[in-house]
Amino acid sequence: MARAAGLADRGLDLVMALFEAPINAVERVTGKARMPYLFLAPNLVLFGIFTFLPIAIAIGYAFTGGADLLISNRPFVGLDNFRKLLTCDSYLVPGSCEESLFWTAIWNTLWFVGFNVAATLLVALVTALILNRAIAARGFFRAMFFYPVLLSPVVIGLIWKWFLDRNGLLNAFLQMLGVPPEIFLLDVGWSRFFVVVVSVWFHMGFYTLILLAGLQAIPKDLYEAAAIDAATPSRTLFRITLPLLGPNLLVVLILLMIRSVQIFDEAWVLTNGGGPGTANTFIVQYIYQMAFAGDLRLYGLASAASVLMGLVLLVLTLVQLRLGKKVES
Amino acid sequence: MSANVSAIGFFTRTRRAGRIDITDILSWLWLIGGTLAVLVPVLWAGMSSLKPEAEITRFPPTLLPRAAVQVEVQGFDKPLSLWNVTVDGEVREMAMVRRIGLKAQMVDPDNPGDPVSVDTRSISPVQRLTVATENYTDPLTRFNFLTFLKNSVFVTFVATLLTLIVNALAAFALSKYRFRGDKAIFVLIISTLMIPLTVVMVPAYLVIVGVGLVDNLWGVIIPTVASPTGVFLLRQYMLTIPDELIEAARVDAASEFRIFWRIVLPLTAPALAVLAIFSVLWRWNDFLWPLIVLSSRENFTLQVGLNAFQGEFSVQWHYILAMTFLSLIPVTLVFLFLQRYITTGIAGTGMK
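Residue numbers (the UniProt record's numbering), protein chains in the order written: chain A, 1 to 329; chain B, 1 to 352.
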């Protein structure tokens, strides 16, 4: 152990020796006052190239057509991509839209967001309330619920795919109860249901943790006062716990919405890329498909869809930041 | 639900030992049910990954991995399968020579004589507990698994190292200096929190094409290195380091880089550790971005490789599950050893 630490130290010394001389040379030229710019440079260059430049490109591309990557080779088409995405006889019927897959994806995403947010919030809240009690093995349970949060979406998709397989454990269990086996992931209703189940399973531990932190910040003497006043448990919940947890609940709600809109990985693996049919095709998958899958290469259309999605996320994030500030103060 | 809350704070304190309330029972049911819901699919996949190919899709499934027993019988070229056969009222293990309709020709494996004809409805295969280690060893040699693993380890390690250095440098500048535009730069960096990869993936890919890093592991690594969460976390921590230490070092004529490397960085170790844990988990589990950037098999990371596996070999669940399980092990180990730091890190910073 000590030897490993010694080696690590020697490694760090080596790295320092490598960088120190050139950086100190810069310091001699520029003076100490300009050094922070040098320290910021790698970060800002990377942000510039991989975050700010792409935003500019996304907006630029959204107004161009064609399949060429070079923006100079792309014809300007004005609002055509947006018009294509947003032209619909009835927005409720994806089939009546020019880009019917886009609207299918939007509706799928909206349904998913609705059910996923409600289910995750409820499960996480109940779990947090229970874990906030002085219950034995609290740490164990907290860790248990949290474990899936760390797993990879691909692994989770595969594990659940196997669990829900025609020859899987769930069907074996149902057979014991006398229910005929079902190919869950090939049924539109069941597959949508299980995408939500898997998503709740995957992420609820994270939100439980945030809510638990909020619950533990509620002053204990409030409950003691309530006990002296002989308040009923439900009154304590609705008059003390939930109002004081309110800001945290709102932050969790918005965070959940932001992340649910971006559903892709686990649903992609679980449903073989959005199936059955387009039942689980979500908006990120639509963007991915337009730009990268097959030979469509509709970068303009994909960018326009990205811009629209970015605007929605921007609004949600601004709301979240507002709420976050309120929670802190 | 409301009943559970009665316990918050006061109830538990006034509870006498040995008294169990209905809310306790409900809570325990919820917790145990939840634990089972987490564990059962994972453990089920783990158990299945040990089953031989022929057994894995058996329905209804067995819990433990078992396989039909094959025996070498004198006078037959190929090994024969062993069955339990009831002959003259006693159960014997016999090897099946052939099967025609409802009749099967069986021989005694130890004493092969003329085959006996028995009714197939009265026989059942002999099975033994068999762990199919080949599910784990085959893909190592046959499906580039080691290449995927090597790529994932490389991406995770290099990206984490760069993430720590690049963001620590930026955090140092933003916490220990006052300079023109410091606030604006901080706000600019934090504002990128608002732009998830999913929104910029198309143009980010075009940038990757532009800089020539398509289908290259560096194309997976570099865009993830500058992290607003990382800058924020490290800056907040560095703000707690007393400026007097830095002043003292300047008096001793230390260069700014030396101050950063020798004083600030070691003192930021706890925050660096939290960021390192998260970076490892993010990069190890990344899927969409590597899926976009990488196109040839020898460059796939584990997650992209696994996804490709299941597309191509969708019937070979014995391999898929074994690979899935192997890729799960590092994360599980990280979790087992660092669980406390991970959960407090999340509760403190709200990052995942």
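Please note that a few of the clues may not be correct.
List of simulated lysine to any residue pairs, SDA-like, C-alpha gap at most 25 Å [to be verified]: (1) A:32 - B:179; (2) B:150 - B:333; (3) A:32 - A:45; (4) A:32 - B:132; (5) B:150 - A:325; (6) A:325 - A:213.
Everything labelled a hint here was simulated from the structure, so no lab data went into it.
Comparing the hints with the structure gives:
A distance of roughly 11 Å separates the Cα atoms of residue 32 of chain A and residue 179 of chain B; the hinted pair therefore holds under the 25 Å criterion. Note on residue 150 of chain B and residue 333 of chain B: the hinted pairing holds, with a Cα-Cα distance of about 18 Å set against a maximum of 25 Å. Between residue 32 of chain A and residue 45 of chain A, the direct Cα distance comes to roughly 21 Å. Compliance with the 25 Å bound is thereby established for this hinted pair. Between residue 32 of chain A and residue 132 of chain B the alpha-carbon distance is near 64 Å, which puts this suggested pair outside the 25 Å criterion.
Distance hint between residue 150 of chain B and residue 325 of chain A is unfulfilled; the C-alpha atoms sit about 43 Å from each other, more than 25 Å. For the given pair, residue 325 of chain A sits about 16 Å from residue 213 of chain A by alpha-carbon distance, which is consistent with the 25 Å threshold.
Comparing the model with each numbered hint stated earlier shows that hints 4, 5 do not hold.
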